[in-house]
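Assemble the complex: chain A is given as a structure, and chain B must be docked to it using the hints.
2 protein chains.
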Amino acid sequence: MALLVTKFGGSSVASIDKIKLIAKKIKHLQEEGNNVVVVVSAMGDTTDELIRLACMTGGNLSNREMDMLLATGEQQSAALLALTLQGLGAKAISLTGWQAGISSDANYSKARIYEIKAKRIKTELAAGNIVVVAGFQGLSPDGDITTLGRGGSDTSAVAIAASLAADKCLIFTDVDGVYTADPRMVEKAKKLSYIGYEEMLELASLGAGILQPRAVEFAMLYRVDVEVLCSFNNNSGTLVTEVNSVEKQRVVSGIADDRNCAKIALFDVPDKPGVAMILFKTLAKHAINVDMVIQSAMRNERNDIAFTIENNDLEKALPVVEKLVKEIGASGMAYGENVAKVSIVGAGMQSNPGVAADMFEALADANINIHMISTSEIKVSCIIDEDKIQAAVQVLHKKFELDKVE
Amino acid sequence: MALLVTKFGGSSVASIDKIKLIAKKIKHLQEEGNNVVVVVSAMGDTTDELIRLACMTGGNLSNREMDMLLATGEQQSAALLALTLQGLGAKAISLTGWQAGISSDANYSKARIYEIKAKRIKTELAAGNIVVVAGFQGLSPDGDITTLGRGGSDTSAVAIAASLAADKCLIFTDVDGVYTADPRMVEKAKKLSYIGYEEMLELASLGAGILQPRAVEFAMLYRVDVEVLCSFNNNSGTLVTEVNSVEKQRVVSGIADDRNCAKIALFDVPDKPGVAMILFKTLAKHAINVDMVIQSAMRNERNDIAFTIENNDLEKALPVVEKLVKEIGASGMAYGENVAKVSIVGAGMQSNPGVAADMFEALADANINIHMISTSEIKVSCIIDEDKIQAAVQVLHKKFELDKVE
Chain A
23 MALLVTKFGG SSVASIDKIK LIAKKIKHLQ EEGNNVVVVV SAMGDTTDEL IRLACMTGGN
83 LSNREMDMLL ATGEQQSAAL LALTLQGLGA KAISLTGWQA GISSDANYSK ARIYEIKAKR
143 IKTELAAGNI VVVAGFQGLS PDGDITTLGR GGSDTSAVAI AASLAADKCL IFTDVDGVYT
203 ADPRMVEKAK KLSYIGYEEM LELASLGAGI LQPRAVEFAM LYRVDVEVLC SFNNNSGTLV
263 TEVNSVEKQR VVSGIADDRN CAKIALFDVP DKPGVAMILF KTLAKHAINV DMVIQSAMRN
323 ERNDIAFTIE NNDLEKALPV VEKLVKEIGA SGMAYGENVA KVSIVGAGMQ SNPGVAADMF
383 EALADANINI HMISTSEIKV SCIIDEDKIQ AAVQVLHKKF ELDKVE
Chain B
23 MALLVTKFGG SSVASIDKIK LIAKKIKHLQ EEGNNVVVVV SAMGDTTDEL IRLACMTGGN
83 LSNREMDMLL ATGEQQSAAL LALTLQGLGA KAISLTGWQA GISSDANYSK ARIYEIKAKR
143 IKTELAAGNI VVVAGFQGLS PDGDITTLGR GGSDTSAVAI AASLAADKCL IFTDVDGVYT
203 ADPRMVEKAK KLSYIGYEEM LELASLGAGI LQPRAVEFAM LYRVDVEVLC SFNNNSGTLV
263 TEVNSVEKQR VVSGIADDRN CAKIALFDVP DKPGVAMILF KTLAKHAINV DMVIQSAMRN
323 ERNDIAFTIE NNDLEKALPV VEKLVKEIGA SGMAYGENVA KVSIVGAGMQ SNPGVAADMF
383 EALADANINI HMISTSEIKV SCIIDEDKIQ AAVQVLHKKF ELDKVE
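Sequence order for the protein chains is A and B. Remember, my numbering sits 22 above the position in the first sequence when you count from 1. Remember, my numbering sits 22 above the position in the second sequence when you count from 1.
Next up, chain A with everything else stripped away, as it sits in the complex (with noise of 0.2 Å):
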């Protein structure tokens, strides 16, 4: 008999109709002989109802309130899907983050889960039933309502099964598993059956979105195996796991492409120390994640510096840079939106040196330019023309024959 910790997304709840084809899953999951604790997100567009409900009241969303009014979204869904599976004739209960033993900082909006007291979960497991626990949310030291941002409910799912010390965490999504590409831009894309925790994390960043980076972070942290893997067919997923032998990393797992990129150039940067320090110092109080950093050879004791952004931030970053520009004294700044990240991640690449140039060669052959470079450990990402994003992907999947990977 094994403990597994479920999750399923708010598209896998959106309707009634969806709760129960998921509560036939949860129900044979019991019947299996397993027991199972499954952690829900809200239902389909509640979160955005409530947002566009709060933004009518002219208050300023502070963060407390807003997740007093969000932890609702989670708690119905787990009380409908409680509903639903005693309706097949299930015994269930459902809980809220606080009622399941959540405890998180009080840092509201983005809380951080600190420990999970799991005794009434183990209660209501021992009676034998099916226990839907309220995703995203926590509960503050001083007793207040707190959510955990985006992709909360993954990271719940993983935190109560590492505090259970569950056989398996099940993230249920709309897709299947991990992919060596996205299948849309590469038609022999193929899916993994295992994947490293490092390398799922890169990936994770770098915009598959299939579980948040601070899930997987939290499953690294206690070791917890966790399989992605379809609400709506049963077929097998993909496990994140620990890849230790090196015998199983793989040089390349996945190709990773994100389009939400910005790139800002300003030039004739004086070169004098602490000038890029204000720079990105003060895009940073702005709440703006520069990714990528490249400064050309000085000129006349004057550089050229470029940085590229998430997209969504633009419009905010551009009259602060343009600030900068004359604080700093630069010539000018220019930005463009039609840029784009490829990437390769893989464990292996650690122990087999070439990769990069690997992948150079093959944008290269293809005639695609490299704006940026960043490399980490198990990680080299590009920064190209938009346009050309797709045929990248599909050229360094083939090059690392990833239509071959298992």
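Please keep in mind that the hints were generated in silico from the structure rather than gathered at the bench. Hints may contain errors.
[Unchecked claim] Dumping the calculated BS3-like pairs for lysine-lysine here, alpha-carbon to alpha-carbon at most 27 Å:
hint : chain 1 : residue 1 : chain 2 : residue 2
1    : B       : Lys139    : A       : Lys139
2    : B       : Lys141    : B       : Lys212
3    : B       : Lys132    : A       : Lys113
4    : A       : Lys141    : B       : Lys139
5    : A       : Lys307    : A       : Lys345
6    : B       : Lys47     : A       : Lys132
7    : A       : Lys47     : A       : Lys113
8    : A       : Lys132    : A       : Lys42
9    : B       : Lys141    : A       : Lys139
Here is chain B on its own, set in the frame of chain A:
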């Protein structure tokens, strides 16, 4: 500086525009130097929409899960009102029932409050906050969310007022107070400036529908002054309070009407011990409330028995009664929905004999036939033909000179 507990019902928070209106009223109360606690119901049709979703699940709508589901409605409106107040520049914080320290029994869907630990409310008031509490909900001894049943938010407000020893509990509704009769029926109906708890209780039970009976009972028990007034104007309301002095007691304070009546008659019921017991016990077992009962004079050791129930219960009651007719050996049954109940209520009746006779006289003068009569210390009710109800209310209003009442 007074401490006020206010309550706004579902129609007062039905939209963000309405929430903005009441937020101004609440802020004004604070600006006048009062400490203010606000209890809110769920927005307009939120509860109905959640029930609709729950019905679609195919589950048996277990009360524990329904309470978990429905309690979100009040949590949402509390958070939205707090956001709106903040938008007006006021300090405000929302609390769920359990955060406000409201403990109840575990009788899901109709739980009773047994204690309020108002520490958190007091802390937030001391910090200068308007404290917005989600009404209608409590926490069971096992840490589960409960709801208090119909009109539960009224009870939440009165109970919080009692626990805080508040100066007054203001119940804001659609109407601006308690009238001597339904103003749609009697043009000269007058708003009462005050009314005693017992009288209010009789008027509430009789369907005046302004304050829930349990809230009035709570107010009576803890001697809380409750004012009923309108959310959307600034008229003074009706104070529900202790009316001890005989001088302040009116002989008749108001005329109540209730069309939600049905009459059932059983013919030729054998006149032996236990028959009536079987009849009314069986109805009680099916949760059908019997209001009035009349038993005709004995003929040949057989009686006719007639009684009234809520019209809503008629469909449920008929098969039960039909079965009983056979079991107890009656000769048959009949029922009618075209009856209504008119009642006079007044604490002064106790010391003024002849009030009931005045009522019967007024109805007789107007050619209104009385089918059944029931009396209590401060109330006389008559069942009459439904099409005579407006005439009855009008003649009684005139007879007892209620247009001159204050």
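For a C-alpha distance cap of 27 Å, please report whether Lys132 of chain B and Lys113 of chain A respect it. holds, 23 Å
Lys47 of chain A and Lys113 of chain A were given as a pair; does the straight-line alpha-carbon distance stay at or below 27 Å? Roughly 14 Å between the alpha carbons, so the hint for Lys47 of chain A and Lys113 of chain A holds.
Are the Cα atoms of Lys141 of chain A and Lys139 of chain B separated by 27 Å or less? holds, 25 Å
27 Å limit on alpha-carbon distance, applied to hinted pair Lys141 of chain B and Lys212 of chain B: Measuring from Cα to Cα gives roughly 41 Å; hence the hint is violated.
Can the restraint linking Lys139 of chain B and Lys139 of chain A be considered satisfied, given a maximum Cα separation of 27 Å? Status holds; Cα separation ~24 Å.
Between the alpha carbons of Lys307 of chain A and Lys345 of chain A, is the straight-line distance 27 Å or under? At roughly 14 Å apart (the allowed maximum being 27 Å), Lys345 of chain A and Lys307 of chain A satisfy the hint.
Run the distance test for Lys141 of chain B versus Lys139 of chain A: straight-line Cα separation, threshold 27 Å. holds, 25 Å
Please work out if Lys47 of chain B and Lys132 of chain A have their alpha carbons no farther apart than 27 Å. violated, 33 Å
Between Lys132 of chain A and Lys42 of chain A, is the straight-line Cα distance small enough, at 27 Å or below? The given pair, whose Cα atoms are some 31 Å apart, is violated under the 27 Å limit.
In terms of the numbered hints stated before, the structure departs from hints 2, 6 and 8, listed from lowest to highest.
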